[in-house]
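Novice: Put the complex together from the two separate chains, hints included.
Spelled out from the first residue to the last, the chains are:
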Amino acid sequence: MFNNLKIIYHQGKQFIPDVTTAQVPGIFRGRPIISTEKVDENELKDICPMDAISINPIRLDMGRCTFCGECARQFPRKIRFTKEYKISSNERERLVVQEGEDKPIEMNTQSRRKEIRSLFSQSLKLRQVSAGGDNSCEWELSASNNVQFDLSRFGIEFVASPRHSDGILVTGPINENMAKPLRIAYDAIPEPKLFILCGVDAISGGIFANSEVLERSVLNDIKIDLYIPGNPSHPLTIINGLVDFTRKK
Amino acid sequence: MNYVTIINNQSISLNDIPEIQYFEFFELNLGLVQDAVQRHCVNYFGFPFDKRVKLFCCIADDSTHQIYVSSTIVTAQESLLSFSAKNFGFEKFEREIHENYGLKYKDHPWLKPVRYPKNRFDQSKTMANYPFFSIDSEELHEVAVGPIHAGIIEPGHFRFICNGEQILHLEIQLGYQHRGIEQQFLNKQKLLQRATLAESIAGDTVVGHTTAFSHIWESLVDFNLTRDIAYSRTIALELERIAIHTGDLSAVCTDIAYQLGSSVFGRLRTPIVNFMQEWGGNRLSKGLIRPERNQFPFTPELAARLTEILNIYEPDFLEMNEQMFNLPSVLSRFERTGVVSHEDVLSIGTVGMAARMSGLKRDIRQSHPYLLYSEIDHKPIVKNHGDVYSRVQIRKEEVKQSMKYIRTMLNNIPHINENSIDLKTPKPNSFAISLVEGWRGEICHCAITDEKGKLSHYKIKDPSFHNWLALAIAVRNNEISDFPICNKSFNLSYAGHDL
Numbered sequence: 399m400f401n402n403l404k405i406i407y408h409q410g411k412q413f414i415p416d417v418t419t420a421q422v423p424g425i426f427r428g429r430p431i432i433s434t435e436k437v438d439e440n441e442l443k444d445i446c447p448m449d450a451i452s453i454n455p456i457r458l459d460m461g462r463c464t465f466c467g468e469c470a471r472q473f474p475r476k477i478r479f480t481k482e483y484k485i486s487s488n489e490r491e492r493l494v495v496q497e498g499e500d501k502p503i504e505m506n507t508q509s510r511r512k513e514i515r516s517l518f519s520q521s522l523k524l525r526q527v528s529a530g531g532d533n534s535c536e537w538e539l540s541a542s543n544n545v546q547f548d549l550s551r552f553g554i555e556f557v558a559s560p561r562h563s564d565g566i567l568v569t570g571p572i573n574e575n576m577a578k579p580l581r582i583a584y585d586a587i588p589e590p591k592l593f594i595l596c597g598v599d600a601i602s603g604g605i606f607a608n609s610e611v612l613e614r615s616v617l618n619d620i621k622i623d624l625y626i627p628g629n630p631s632h633p634l635t636i637i638n639g640l641v642d643f644t645r646k647k
Numbered sequence: 005m006n007y008v009t010i011i012n013n014q015s016i017s018l019n020d021i022p023e024i025q026y027f028e029f030f031e032l033n034l035g036l037v038q039d040a041v042q043r044h045c046v047n048y049f050g051f052p053f054d055k056r057v058k059l060f061c062c063i064a065d066d067s068t069h070q071i072y073v074s075s076t077i078v079t080a081q082e083s084l085l086s087f088s089a090k091n092f093g094f095e096k097f098e099r100e101i102h103e104n105y106g107l108k109y110k111d112h113p114w115l116k117p118v119r120y121p122k123n124r125f126d127q128s129k130t131m132a133n134y135p136f137f138s139i140d141s142e143e144l145h146e147v148a149v150g151p152i153h154a155g156i157i158e159p160g161h162f163r164f165i166c167n168g169e170q171i172l173h174l175e176i177q178l179g180y181q182h183r184g185i186e187q188q189f190l191n192k193q194k195l196l197q198r199a200t201l202a203e204s205i206a207g208d209t210v211v212g213h214t215t216a217f218s219h220i221w222e223s224l225v226d227f228n229l230t231r232d233i234a235y236s237r238t239i240a241l242e243l244e245r246i247a248i249h250t251g252d253l254s255a256v257c258t259d260i261a262y263q264l265g266s267s268v269f270g271r272l273r274t275p276i277v278n279f280m281q282e283w284g285g286n287r288l289s290k291g292l293i294r295p296e297r298n299q300f301p302f303t304p305e306l307a308a309r310l311t312e313i314l315n316i317y318e319p320d321f322l323e324m325n326e327q328m329f330n331l332p333s334v335l336s337r338f339e340r341t342g343v344v345s346h347e348d349v350l351s352i353g354t355v356g357m358a359a360r361m362s363g364l365k366r367d368i369r370q371s372h373p374y375l376l377y378s379e380i381d382h383k384p385i386v387k388n389h390g391d392v393y394s395r396v397q398i399r400k401e402e403v404k405q406s407m408k409y410i411r412t413m414l415n416n417i418p419h420i421n422e423n424s425i426d427l428k429t430p431k432p433n434s435f436a437i438s439l440v441e442g443w444r445g446e447i448c449h450c451a452i453t454d455e456k457g458k459l460s461h462y463k464i465k466d467p468s469f470h471n472w473l474a475l476a477i478a479v480r481n482n483e484i485s486d487f488p489i490c491n492k493s494f495n496l497s498y499a500g501h502d503l
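Line by line, the protein sequences give chains Z and G.
So that you can map any letter, position 37 of the first sequence is 435 in the numbering used here, and since no number is skipped, the others follow by simple counting.
So that you can map any letter, position 263 of the second sequence is 267 in the numbering used here, and since no number is skipped, the others follow by simple counting.
These aren't lab readings, by the way, just hints derived from the structure by calculation.
Each hint should be verified, as a subset may be incorrect.
[Unchecked claim] If you want the footprint, here are the derived chain Z segments under chain G, 3+ residues with CB under 8 Å:
1) 403 to 413
2) 420 to 426
3) 440 to 451
4) 462 to 475
5) 562 to 573
[To be verified] Each pair of labels, with its calculated beta carbon distance range:
6) Z/Ser516 <-> G/Asn167: 44 to 54 Å
7) G/Pro304 <-> Z/Ser433: 31 to 41 Å
8) Z/Asp438 <-> G/Ser351: 52 to 62 Å
9) Z/Ser516 <-> G/Asn415: 57 to 67 Å
10) Z/Arg614 <-> G/Asn123: 16 to 26 Å
11) G/Val8 <-> Z/Asp585: 46 to 56 Å
Glycine included, each C-beta is placed from N, C-alpha and C at the ideal position.
Next comes chain G alone, as it looks inside the complex (with noise of 0.2 Å):
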């Protein structure tokens, strides 16, 4: 066998994990997403040691609900052959491994800097000299949007090529909120630490990283999770998805003038992010996910809390949606407005929302389960225009299945565990994975510790990652005051993107 076969949250031994040609390892991992919906990169980075490069790929199979992780060994001086060319859901990884260790590829489309990282192998590459697409010609003009937007808002720079109002083509360059997050990992020692730093990965996805980050760590240390753990952490991950989705919902309508909708929406989200602050102290649920153990148990007051919550909510969002999707002049701003195709959706390699909005189904609660999910039985919501009415509405339908999810959860409230807290080193010489699906979408962290047991790589890949480029093909021959809105109903991550 070239590779290993993993399951989500499993760590292997680094010897477990075949060492290939790179030639055997490209057409091992091009081979095994050729054709095959079900299939998909997870993750592929680079790890440096003594002055070579060891790749490893892990891709996921949402059939048989595991992951193939491959490895090989290259140095700078080769040149290789790029995924890219023959598979663009490679085009990202390869453009970061090139920016951080300097790899050359031969036959790349599209090798340009990614996020600009203080230690990137070619530092005469500049945020001021990236290298825009441009097209010469009379008829068609530029517009440059950022870093610094019209709003609260995370920077980054939008280059838009236009025919008229029409966009032709839009780059997006991204890197502005760069700030070395993945060598933190490693150069913060204490357990504390870096969870803190999981929780600042992006700060609207607080409970998909730090469960994505406990659950590395826990898988590296032998912790057997408890009952209460999980059932705590599904909760939060599903609270976090209806007070972001709903906020989103408020964003989409304030950029089509819609202000009763934008009203209504954004009141709704504080229910549910006060009822975070209610459980742990912090609304943005920072400080509520701990790596082994429940430090804010779900107790029987806060389900009864929690309920008569949601019991008030859900009449008032149910109402506002019954109104805005009846509405033929919020109707004709969503309807086939940034349409991405099931063809360029698949081609690009989306995830989470950015895939289900195009017919492509891919989530990890369903094709990889951890927590409470294989008992939950998700289903995905699957839409299938791929335009701004299909992202809105799997929000829609995502925080109605949510509230479902945590009814169902609060009849049956785990015993709280008593938890020793026995603090593990991990395990030396590892390698370990962990996939959580964050509102977002999928959200991959790996981990790879050396023969201390030290961590010595730490990769993040949070799905905006994957999903950029679908907004960038999304806005083509839209008008280019519809920019906002497709913006807006992909709402993807600036500081998740750029670590």
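Bound-form chain Z, shown alone (with noise of 0.2 Å):
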């Protein structure tokens, strides 16, 4: 008994007291702003291995990012990552930056539908569902519960059977041999339901893009709720996308 509480005690506090204002701590590559320099448009766009950045003008998608950092590396005055992990949007196109903006990427709350915010803000609960992911992901959701992170402060848990559940949150970028689960979980799931993609590959494919063995014609007739960017998603942008996208009125 003494010795569990000393333990306890050298653990001191633990705990991210915000974590809606909490520093990443060392390098992170949160949110990109693309300046308006002028480059060599087709090298910048030849460098990314994920095909993410387009141009005319030039934008970054950071549905298609991991943020390597490697075109920041090569043009630090034309690309440059800041550390803001609030990144998570309901609609895919806001997490494309284009050069010349430096704008939070926020929610919208004009096209989330009308019964997200008075069903889920108090209490939520996911099945998280890895399709062809990479394990990463799965590390940080964990991580979002641990004592420091701690999501579930929110009322937001993650649960064992669909049937519990408010939505599912698919990470991975969703291969032939898991299509059939991921519709069967996300049938069982009362109405009604979220559905949210988490990391570049559940959103894009990301590096399986052009894959063959890909199969995300499940995603065709369902609803994509949100999007949780990062490779894998920092737990600071799993924890403020969930937050903002039930809460934020």
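Specialist: Printed below as a string of structure tokens:
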């Protein structure tokens, strides 16, 4: 008993008091800013391993970006990654950053379904499904639940059964062998339900985007409610994404 | 000589690998591993060409630090003698070859699908009609779990045959995570794309797999690894080991409902992964390791920061272990749970922790040293009971060992070379192999180039490929309620297996 208390005492205060304003340590590649400086556009486009950069005008799609930072490394005056981790949105287009723009990534409450805030802002139970994911987003989702990030303080939890959940959170590029189990799990959730894509692989297929082994047609008739970028998504990106999406007025 | 002898991270001309008749190939490779604990198969794969299949077998010898490579050419029409009938260590490899190219085996004892790749030879085999082993008895029942499990975890299907609460048999069906990553290595032409792919093989072993890919690439382009790059990679590999082992200790505590251990180990992982972010900008080290480059040099400032972090981490880690390993309610769940005997790990041919838990000393850091491991004089941590307790103990002791290695290395930070990037194309008609001891165990990558120096084959083997069978054996005669803790104590990769 005494030993247990000693251990608890030695941990000190671990929880992050305010996960909406916390600073990430060291270097972090969050929301990019593209300056208006003139560069060789094709060369810039070509260095991206993910085809996340398009030209005329120059745009960077965070739904395709792995945040490797190669573009910022080679064109430091053109592209800069800020430490801003609030980069989730409920609209796919809002993940695209254009040159000359410097504004936070936000939810569009207008396009969000009306019932979401009233139903899920105080309690949200999600079922996570990994569909070809590499286990990195899964580690970060688990980390979101640890004593430091403590996602459950917002009433958001990951549950075992789709029957107990309000929606699905998908990680991974959605491959052929998982397409059907994913669909079955989604269909098992009672309405109204959410569908969330977490990580670059889930949002766009990531590095596997053109692989014939993907089977993303399951997305054709599902309304995607939230996109959480990153490779893997940082716990603060995940938490703020879920909280903003369900609570923002 | 009917085989060629190479060492880790060496590349050779394809013509130097002797091409022998299948029967000679069969006798040679089986002979090499017969009654030789120090030798095991690190990779055995097929390479399709000209409507035939060329098989490459790589046997590593831990005592001589060499790898013996031989090859043979076969066709799908022949009916071959199976290695697995004589030595079960080849079982998965032959199943994979059969699944990919339709090679027929006369006497393979367990010729079932491995991962259902898109272009598999027999398209009539689907995930829905996997031939599960079954026992006809009124006393027994089956329990089917997955592919989606009750937690934040990757998918796989487990089929138990139980007698009451006791597990008689477990069969594990994988392939749900298959995303064609080996083919993508050939499709993607840019080096950076391939490095990104290597990072996606198993997101929990980013440093391990990316290091293996980098070594393959560097050996194919004759790049001389500078000391600062080798130093950074060695530190990163050991930090990855500390981070994941700590996270695993937390997960094991969760599965035995030991809340204090779960919370403390869970939070102790954070400073280590946060350090990875301070160093390279990503908590799981994505973007840190790049072929031919020291992307994020390890500076004295980082060394000071890491020393500070380890100094705070260590007493908390040790205190928690001290408490946990003296708690009867914890020990009663760990001890004699999920046992795999020494004979069984030998027969299955497990690697990494899943070998060292049961008296089988397999550790690439010692047996086929790379990077700075020859200087470190690594002594693998070996346990003998093969139970959950052994696997948890290995984690605890390996974390301590890794901290010791890192601290020693931090006293001697190499000068950073301003390396100019001079991207060469790989040597034509070559074969390269790289072995890396990731935190799970032995990672093996093999590459083959064509006459123009383009990659024509890329083969990845995650340690989980060997080790999944050990989990199935471990749970026999255990209560089904102990399955989660058995599973977690192995913590095998689905993504790394399914590719």
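Novice: Verify the CB-CB distance for G/Pro304 and Z/Ser433 against the hinted window 31 to 41 Å.
Specialist: For Z/Ser433 against G/Pro304, whose Cβ atoms are near 32 Å apart, the range 31 to 41 Å holds.
Novice: Could you tell me whether the CB distance from Z/Asp438 to G/Ser351 stays inside 52 to 62 Å?
Specialist: Since Z/Asp438 and G/Ser351 have Cβ atoms about 59 Å apart, the given range 52 to 62 Å holds.
Novice: If I claimed the Cβ atoms of Z/Ser516 and G/Asn167 lie 44 to 54 Å apart, would that claim hold in this structure?
Specialist: Since the Cβ atoms of Z/Ser516 and G/Asn167 sit about 50 Å apart, the hinted range of 44 to 54 Å holds.
Novice: Do the beta carbons of Z/Ser516 and G/Asn415 sit within 57 to 67 Å of each other?
Specialist: holds (60 Å)
Novice: Taking 8 Å as the Cβ threshold, is the statement that the region 562 to 573 of chain Z is covered by chain G upheld or broken by the three-residue rule?
Specialist: holds (count 3)
Novice: Does the Cβ-Cβ separation between Z/Arg614 and G/Asn123 fall within 16 to 26 Å?
Specialist: holds (19 Å)
Novice: Residue count check for the region 403 to 413 of chain Z against chain G: does it reach three with CB-CB under 8 Å?
Specialist: Three-residue rule met by the region 403 to 413 of chain Z, so holds; n is 6.
Novice: Can the region 420 to 426 of chain Z be counted as covered by chain G under the rule of three residues or more with Cβ-Cβ separation shorter than 8 Å?
Specialist: Holds, because 5 residues of the region 420 to 426 of chain Z bring their Cβ atoms closer than 8 Å to Cβ atoms of chain G.
Novice: Verify the coverage statement for the region 462 to 475 of chain Z against chain G, using a C-beta to C-beta distance below 8 Å and requiring 3 or more qualifying residues.
Specialist: Check passed, 5 qualifying residues.
Novice: Cβ-Cβ distance between G/Val8 and Z/Asp585: within 46 to 56 Å?
Specialist: holds (55 Å)
Novice: If you count the residues of the region 440 to 451 of chain Z with a beta-carbon closer than 8 Å to a beta-carbon of chain G, do you get 3 or more?
Specialist: holds (count 3)
The structure is consistent with each of the numbered hints, conforming to all of them.
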